[in-house]
Amino acid sequence: MKPAPFSYVRPATIDEALATLAADPHAKVLAGGQSLVPLLSMRLAQPSTLVDINGLSELAFVRTDESGVRIGALARHRQVEDDGDAWRAQPLLRQALRLVAHPTIRNRGTTLGSVVHADPAAEMPAVAVLLGARVVAASVDGRREIDAADLFVGPLESALRSDELALEMVVPANPPRTGTAIDEIARRHGDFALCGVAAVVSVGENGAIETVRASYLAVAPTPHVLDLSEAFVDGTASDRNLDAAAEIASGALDPDADIHGTADYRRHLSGVLTRRVVRDAYTRATAPDAQGAR
Amino acid sequence: MTTPPQVSAPDALHAVSLIVNGTAYALEIPARRLLSDALRHDLGLTGTHVGCEHGVCGACTILVDGQPMRSCLLLAVSMDGAELTTVEGLTEEGDRLGPVQQAFQDCHGLQCGFCTPGFLTTITAGLRDDPDPTPEAAREMIAGNLCRCTGYQNIVKSVLRAAELQRGGGDA
Ligand SMILES: Cc1cc2nc3c(=O)[nH]c(=O)nc-3n(C[C@H](O)[C@H](O)[C@H](O)COP(=O)(O)OP(=O)(O)OC[C@H]3O[C@@H](n4cnc5c(N)ncnc54)[C@H](O)[C@@H]3O)c2cc1C
Ligand code: FES
Ligand code: FES
Numbered sequence: 001m002k003p004a005p006f007s008y009v010r011p012a013t014i015d016e017a018l019a020t021l022a023a024d025p026h027a028k029v030l031a032g033g034q035s036l037v038p039l040l041s042m043r044l045a046q047p048s049t050l051v052d053i054n055g056l057s058e059l060a061f062v063r064t065d066e067s068g069v070r071i072g073a074l075a076r077h078r079q080v081e082d083d084g085d086a087w088r089a090q091p092l093l094r095q096a097l098r099l100v101a102h103p104t105i106r107n108r109g110t111t112l113g114s115v116v117h118a119d120p121a122a123e124m125p126a127v128a129v130l131l132g133a134r135v136v137a138a139s140v141d142g143r144r145e146i147d148a149a150d151l152f153v154g155p156l157e158s159a160l161r162s163d164e165l166a167l168e169m170v171v172p173a174n175p176p177r178t179g180t181a182i183d184e185i186a187r188r189h190g191d192f193a194l195c196g197v198a199a200v201v202s203v204g205e206n207g208a209i210e211t212v213r214a215s216y217l218a219v220a221p222t223p224h225v226l227d228l229s230e231a232f233v234d235g236t237a238s239d240r241n242l243d244a245a246a247e248i249a250s251g252a253l254d255p256d257a258d259i260h261g262t263a264d265y266r267r268h269l270s271g272v273l274t275r276r277v278v279r280d281a282y283t284r285a286t287a288p289d290a291q292g293a294r
Numbered sequence: 001m002t003t004p005p006q007v008s009a010p011d012a013l014h015a016v017s018l019i020v021n022g023t024a025y026a027l028e029i030p031a032r033r034l035l036s037d038a039l040r041h042d043l044g045l046t047g048t049h050v051g052c053e054h055g056v057c058g059a060c061t062i063l064v065d066g067q068p069m070r071s072c073l074l075l076a077v078s079m080d081g082a083e084l085t086t087v088e089g090l091t092e093e094g095d096r097l098g099p100v101q102q103a104f105q106d107c108h109g110l111q112c113g114f115c116t117p118g119f120l121t122t123i124t125a126g127l128r129d130d131p132d133p134t135p136e137a138a139r140e141m142i143a144g145n146l147c148r149c150t151g152y153q154n155i156v157k158s159v160l161r162a163a164e165l166q167r168g169g170g171d172a
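In order, the protein sequences belong to chains U and B. With the UniProt record's numbering, the residue at position 118 of the first sequence is 118, and numbering never jumps. With the UniProt record's numbering, the residue at position 108 of the second sequence is 108, and numbering never jumps.
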């Protein structure tokens, strides 16, 4: 099918974009279009106006300092993935982006667009919540920051209002002695995952595990973060502890079944993947050259 | 407060200029025109094929400023000023096949040919980033494109053969 007719605006400034969004409650932002254009073609979305932000080149940035990485609304997945400074500051970004669709899609799709699109099977929303990222949103009434933990309301539903434009996402840097990892199972390479898990593991000066947190995608309506630290009280990543962590995860999650996989299968995957990513994140946290291990 | 920019009517035509395979085109199109349709219907460049029209199959892949993208996931109106390469643009002077096209012929990398334009463009860009791919990397390069006929083995061979041709290993 083809998209239904819509009015089209390509604002030259952020203020123009905000004024257009304020004037039409049924307007939608067009970023990379890698999620929106299929929805238009299938007529699952029929906005009256499209506000094309691809002309706002001032939003095409990835900026890194000691505190973290700032990702502008027009930074493509590919640009974030390739950015060496961003990778050193927060390796989970690149680790996760490699699992987002195919390179061809990543050449156009934006990382922030993926976050605000709030697909429960998408990687970057789960990563944003796990890392405590914040999204800066603007409207004609001013700006506000939204914690990723408050951003995801339901499947494909974010806390962003229809008159708001997400300007950038602020992702905290990886603290010292902290490792990250992500893995997922998909039917085909590059497809949306049946289940995915990202983990952040921090160890103390002596190398003993202090905190373990994991974020689950595709097994709940919104990203689901669990604190698994209690499974690692003796500070080691022993098989017993990993099993205990996997058990906490599969007990806490209540995935739905769909044509791609049963609920039991997804729950099983959440346990298997928990073991895997916690072990990998722990290895990176304790590597003498943490960067080398990434 | 900024006044909103002029909003056009939904059926308004927009002036869009595109450079396709080195030739400049001026188009008058509605905003909802997909780039794949603009290429095929407005410009008559039917080498770009449309399979799924939602980003999954890769048949419509073209190069936008050198980077592979799905033309079915782009609005033509948003691409004003872009430089595009379609499969028609991979042919070399005197209508000779380009190296990737030649490799597909050498290795029997196509059967019905429906998916082929998307593979050819994707591989052309892929070999620019990685001129000497391992068989593993060749597989990865085409992982986002679907083919219903070949079973992919000969397409992987074609990637490796194209790399060889580009390095000048003509008759290996
Ligand atoms: C074949 C295929 C496979 C894919 N596989 C995956 C996958 O495995 N994992 C994954 O995570 N994603 C996947 N995607 C989706 C891809 O990551 C998209 O790029 C991403 O979801 C959306 O980013 P975009 O810039 O394309 O946003 P768009 O499609 O332009 O927009 C998506 C939505 O977000 C809104 N929006 C976008 N930017 C802003 C903004 N700055 N402010 C306010 N609203 C905004 C739009 O209005 C729209 O509602 C896949 C896509 C395809 C076509
Ligand atoms: S037609 Fe564009 S990806 Fe299938
Ligand atoms: S050759 Fe027929 S689909 Fe690939």
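Take these hints with a grain of salt, some might be off.
With the Cβ distance kept under 10 Å, some of the chain B side facing chain U (calculated, not the full set) [claimed, not checked]:
| no. | residue |
| --- | --- |
| 1 | G44 |
| 2 | L45 |
| 3 | G47 |
| 4 | G51 |
| 5 | G55 |
| 6 | V64 |
| 7 | L74 |
| 8 | S78 |
| 9 | R128 |
| 10 | P131 |
| 11 | P133 |
| 12 | P135 |
| 13 | M141 |
If you're looking for bench data, these hints aren't it; they were derived computationally from the structure. Glycine included, each C-beta is placed from N, C-alpha and C at the ideal position.
Closest C-beta approach of M141 of chain B to chain U relative to 10 Å, hint status: 9 Å, holds
Hint check: is the beta carbon of R128 of chain B less than 10 Å from a beta carbon of chain U? Hint on R128 of chain B: violated, closest Cβ of chain U at ~13 Å, above 10 Å.
| Once the shortest beta carbon distance from P135 of chain B to chain U is found, is it less than 10 Å? | It is violated, given that the least Cβ distance between P135 of chain B and chain U is near 15 Å, above 10 Å.
Proposed interface contact between G51 of chain B and chain U, which counts if any beta carbon pair is under 10 Å = 13 Å, violated
Interface hint compliance - G47 of chain B to chain U, C-beta minimum distance less than 10 Å: G47 of chain B check fails; min Cβ-Cβ to chain U is 17 Å, beyond 10 Å.
Given V64 of chain B was flagged as interface, is its beta-carbon under 10 Å from a beta-carbon of chain U?
8 Å, holds
Restraint outcome when P133 of chain B is required to lie within 10 Å of chain U by C-beta distance
The hint is violated - P133 of chain B has no Cβ within 10 Å of chain U, the shortest such distance being about 13 Å.
Next item in the hint list is G55 of chain B. Is there a CB on chain U closer than 10 Å to its CB?
6 Å, holds
Q.
Does L45 of chain B hold up as a contact with chain U if the rule is Cβ-Cβ below 10 Å?
A. L45 of chain B check fails; min Cβ-Cβ to chain U is 18 Å, beyond 10 Å.
Q.
The hint names S78 of chain B as touching chain U; please verify it with the least Cβ-Cβ distance against 10 Å.
A. Given a least distance of 5 Å, the restraint on S78 of chain B holds.
Query raised in the report: At a threshold of 10 Å, is the proposed contact between G44 of chain B and chain U supported by beta-carbon distances?
Result: 19 Å, violated
Exercise for the section: Under 10 Å, Cβ to Cβ, is where L74 of chain B needs to be relative to chain U, so tell me if that hint holds or is violated. Expected result: At about 6 Å, which falls below the 10 Å cut-off, the nearest Cβ of chain U leaves the hint on L74 of chain B intact, so it holds.
Taken one by one, the earlier hints fail for this structure at numbers 1, 2, 3, 4, 9, 10, 11, 12, listed in ascending order.
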